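K.L.:
Take these sequences, add in the hints, and give me the full structure.
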Amino acid sequence: MQLTRRLRFMLIGSSGCLLVVIYVPILLIVLYAFNPSKSQKWPVTGLTLQWIQAAIGNPGARSALVLSVQVGLIATAIALVLGSLLAAAVHRYRFFGRNVVSFLVILPVALPGIVTGIALNTTFRTLFGGLSLFTLIVGHATFCVVTVYNNVIARMRRTPGSLVEASADLGADPLQTFRFVTLPVIRSALIAGALLAFALSFDEIIVTTFTAGFNETLPIWIFANLSRPNQLPIVNAVALGVIIASAIPVYLAQRVASDAAGYA
Amino acid sequence: MSAGQPSTYRPTLTRRVARILALVPRIRVAGLLAAPVGWLVVFYLGSLAVLFAAAFWHYDANITFAITKTFSFENFAALISDPVYRTIAGRTVLIAALVTITDSVLAFPIAFVMGKLAGPKLRSLLGVLVLMPLWTSYLVKILAWRLILSDGGFLNWLLKPLHLSGPGFGEVAVYLVLAYIWLPYMILPLAAGFERVPNSLLEASTDLGARTWQTFRSVVLPLVFPALVAGSIFTFSLTLGDYIAVSQVSSTQFIGSVIYANLGVVGDLPLAAAFATVPVLVMVVYLLLARRAGAFEAL
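Chains E and D, in that order, are what the protein sequence lines are. Quick note on this note's numbering: the first sequence kicks off at 1 and runs consecutively. Quick note on this note's numbering: the second sequence kicks off at 1001 and runs consecutively.
No lab work stands behind these hints, which were simulated from the structure alone. All values reported here derive from a predicted model rather than from experimental measurement.
So, partial list: chain E residues that the calculated Cβ filter (under 8 Å) puts toward chain D:
hint, residue
1, Leu-19
2, Leu-85
3, Leu-127
Backbone N, C-alpha and C define an ideal beta-carbon position, used for all residues, glycine too.
P.N.:
Set out below in structure tokens:
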């Protein structure tokens, strides 16, 4: 397909414009985090660190942050185990219902979050005796499985099966093969999957709202404070922190596995 | 284990277990699948089943405000008989479709540049540039758009010299915000789709005399179609169930906001559950069509 110079220029130009539009709102938040004025009008009236200090010292935001990190770490650990087991099964074996399994793992992120949310909410309240930290973690782990699964299975598809066979031929038992062959091959995919799963959990609000009970994660804290005009300057400062906190794992995941699957 | 030594094979426990497992592949598969499938079936499919059952329960809105686990179609009857719900469902599907179409059009140029024009370095740079906003907090993006669209906000300031003003909060704002938030979910699969189109096919098409537009329409478009559908799963589904962005930039009711209000404020779980079957049905049909289009391989 031959592209004229003009067409090429238009394609690149419109891509550039799109990126500008994508980044303007994010940069605005960054600016607003330093805005001294309590009114949320544009343009900002100056630059100050006052709200960032207030955000760091805010007890509600701090305990919400700690809870978010805890939930993210536990949900990621569960997703790592479940996602890689599932990827190994789907990649290595042909079994009855294999297509159903690959469908099932996508479902928690393909169905609208509110459906997953109220389904879990109904079940936990009617069968599991109410909402708790446990139900919050179960909810998060459920939708995190798919990110680990996608990263690991993508890596396995790219790795020749002959490596595992060679290991067995050379006398390694299955545990040795796993430790010295499989694990090194999938290690970076596991790390990338884990980072993305953590980022997904850290940011999630919809399923969280329905499974958290009285537990307040950082997104829930932000959401609760969005409707309090007095708190908005602090929310802007927390938002800046969240932008940085989610950029780091994504950047690392990208570095670790150049083939890290995106969202799904 | 150096070469030349006699066999060091020792029938350790691991090896004995492995030998048994090797004879019965079913046990190996079952062992791998038990935990993850068990988790998803119990917590996820089980929950969906409970939700579906709850759609048939009864909620006493007059005296006790309690839920009784009976079986009746009254919730569905209420949804069908009251035209408000039809309007809300129609409005939600419409906005989901509009967001999906907008995002696919917007995503095409940059996805094409990423997949076909850019060299490896620029490609990975663009990849990171698109991935970062995808992972930027959903709430933060909503907050940003509230700042942009509000009365004294950025957009009105930008348009003021032109004697124009922004749309303010309302349905247009919902459309803009959701199209913005879900855009990266369309760009990434589409870029991967373009990348998978073999250059040789494009050259062949040119050699056979096709103009640029003809090549695009009859060679490129059919090949990236599965990727387009893969991206649309997210833009469509995420819009369909949204209630947070919707409530922050408008006061209009959508499927998500009705479900949320019935569950959280009113406590009418059965009606909320019945209404939740609407997006589930829409998405199941959508996913089955998407799978037929080969979109699952392009996810």
